[in-house]
Amino acid sequence: MVGIAEPAAAAAAEDPMLPRRGRVRARKRELDGVVTLEIVPEAEFSAASAGQFNMLGLPGIGEIPISLSSDPAQGDGLVHTVRAVGPVSAALSRLTPGDTVWLRGPFGVGWPLAELAGRDVVVVSGGLGLAPLRPVLHRLLAERTRYGQIVLLHGARSPTEILYRREIAAWRRRLDIDIAITLDHAGADWRGHVGVVTHLIPQAAFDPHHATALVCGPEVMMRFAIAALGAAGLAASAIFLSLERNMQCAIGLCGHCQFGPFFVCRDGPVFRYDKVAPWLSVKEI
Amino acid sequence: MTTREQQFGREQQFGREQQFGREQQLGREQQLGLEQRLGLEQRLGAHPLLAGITEAALAEIAACARAVEVAAGAFLFHEGETADRCYLLYHGRIALGASQPGRGHLVLETLGPGEIVGLSWLIPPYRFAYDGQAMELMRAIVLDAACLRAKIAADSVLCCALLQRLVPVLAQRLQGARLQSLDVYGRHR
Ligand SMILES: Cc1cc2nc3c(=O)[nH]c(=O)nc-3n(C[C@H](O)[C@H](O)[C@H](O)COP(=O)(O)OP(=O)(O)OC[C@H]3O[C@@H](n4cnc5c(N)ncnc54)[C@H](O)[C@@H]3O)c2cc1C
Ligand code: FES
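Chains as they are written, first to last, in the numbering used here: chain D, 1 to 285; chain X, 1 to 189.
Excised from the complex, chain D in its bound form (with noise of 0.2 Å):
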């Protein structure tokens, strides 16, 4: 986390490490704890690919990296989902309309959208998981033609604790996606799925040979819908996952993000699976 300054305003363009101004234009509480924010930049902004971050900063308070969780081909805000875990992330999901917010960006490799075309297209999700992936999600059902099934897996905690819950809704009414979302806990009431995300794999229709997952979640959570989408028969190679790390300068300058050989901030945080499992067993990596 690095606590920013007032920019200057000129040269912001060219230079990575200064944050451009950027004003909230609207704020959803998606959760408790949870809200997505629209952000306008004052300045030209680069658009964001799906699965890139953005630095998003408060002076005096810090920075942290925030993916981006919309459409980018949809609209000209910034959208980022936020989940209050301390003190920055907590400040920035205070931010209402009108508040200011400091913005670098958009750094780091996305999702490999083109690789997708004609494949199956498995993503799954655990909790706030699903935002880095809802921009991928938009896309594929965008060009539904281009891709072959399209498998949504996500867990969530709890029925109140599932993120995008109407937009998952509206998907589901389409038909030409398959959902399936489990639960760690629910009551009686719960219809659908109880239990761990990675018992979703077995059930899920497509074609390990000719299928791409794209996973996104707590890593632990990784870990073993990892292991049974290899179990289901996908190559590690046909696996993509989608790392944190701790960040500050998000351009591979001061080694904080270092995960073995690569810089989550500028290698990731998407990365193939078989490149990066002989360190994902590793502890303090």
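It cannot be assumed that every hint is accurate.
[Stated by the list, open to error] Distance ranges between label pairs, derived from CB positions:
| no. | chain 1 | residue 1 | chain 2 | residue 2 | range |
| --- | --- | --- | --- | --- | --- |
| 1 | X | Ala-98 | D | Met-17 | 51 to 57 Å |
| 2 | X | Gly-73 | D | Ala-235 | 41 to 47 Å |
| 3 | D | Arg-94 | X | Leu-166 | 47 to 53 Å |
| 4 | D | Asp-274 | X | Gly-102 | 45 to 51 Å |
| 5 | X | Ala-171 | D | Ser-158 | 22 to 28 Å |
| 6 | X | Val-167 | D | Gly-60 | 34 to 40 Å |
| 7 | D | Leu-253 | X | Gly-52 | 51 to 57 Å |
| 8 | X | Cys-159 | D | Pro-112 | 45 to 51 Å |
[Claimed, not checked] Here are some chain X residues the structure puts well away from chain D; computed CB gaps all over 10 Å:
| no. | residue |
| --- | --- |
| 9 | Leu-58 |
| 10 | Arg-93 |
| 11 | Pro-125 |
| 12 | Met-135 |
| 13 | Ser-156 |
| 14 | Leu-163 |
| 15 | Gln-172 |
| 16 | Gly-176 |
| 17 | Gln-180 |
Simulated from the structure, these hints should not be mistaken for laboratory data.
Ideal Cβ placement from N, Cα and C applies to all residues, glycine included.
We have chain D; now place chain X with the ligands onto it with these hints.
For chain X with the ligands alone, coordinates are given in the frame of chain D:
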């Protein structure tokens, strides 16, 4: 029919002459003709749990099997009852749950087609650990536990073939339960 059965619906059985436990009182029974018997074996062979099992083993298991259809909302079994059967699901889903005073009925896990429901028949004292309720119309093959236990006691090859298939299920359920207990979606993404 008992009050509980009336309350929770009716199990329809299309089964073997032999009847097992509580279900005996619940449903309509039909004698199996040869064709149906073969159909049952085929269905057993097609169940993922028994994939790759020998025909001889399949025939042994089929001798303990019958088909059952359970209405949505009906309970298959209740916590603490004798685990005298297990179900190989091929249609519909069931919820494993438990009641917690003040919190009502909690669903711990749901299971669907291709899965086995009820593993307590393997472990003394053979009591169901949870309630099992059909969430929708459910079709399954019921295996009689006493019959199966007698067969695996007498046939070590069959015993090994079954355990090779059941131990991974137990391990997977244990892993799943551990992952659920970590509460990874709590504060973390
Ligand atoms: C590439 C990338 C993309 C990200 N995208 C998003 C996003 O779209 N939405 C979002 O809300 N967050 C996202 N994050 C995570 C976010 O950056 C962190 O939650 C944030 O850094 C926390 O900062 P803080 O100052 O609020 O809390 P800190 O003071 O850094 O942490 C406070 C407490 O929260 C815990 N914590 C830290 N990070 C997380 C986390 N990710 N999840 C749960 N607990 C955490 C810490 O262990 C600590 O106990 C992303 C991270 C990366 C690397
Ligand atoms: S955050 Fe500085 S190298 Fe990645």
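Hints, verified against the model:
| no. | hint | verdict |
| --- | --- | --- |
| 1 | X:Ala-98 <-> D:Met-17: 51 to 57 Å | holds, 55 Å |
| 2 | X:Gly-73 <-> D:Ala-235: 41 to 47 Å | holds, 42 Å |
| 3 | D:Arg-94 <-> X:Leu-166: 47 to 53 Å | holds, 52 Å |
| 4 | D:Asp-274 <-> X:Gly-102: 45 to 51 Å | holds, 49 Å |
| 5 | X:Ala-171 <-> D:Ser-158: 22 to 28 Å | holds, 26 Å |
| 6 | X:Val-167 <-> D:Gly-60: 34 to 40 Å | violated, 57 Å |
| 7 | D:Leu-253 <-> X:Gly-52: 51 to 57 Å | holds, 54 Å |
| 8 | X:Cys-159 <-> D:Pro-112: 45 to 51 Å | holds, 47 Å |
| 9 | Leu-58 | holds, 22 Å |
| 10 | Arg-93 | violated, 8 Å |
| 11 | Pro-125 | holds, 26 Å |
| 12 | Met-135 | violated, 6 Å |
| 13 | Ser-156 | holds, 28 Å |
| 14 | Leu-163 | holds, 19 Å |
| 15 | Gln-172 | violated, 8 Å |
| 16 | Gly-176 | violated, 4 Å |
| 17 | Gln-180 | violated, 5 Å |
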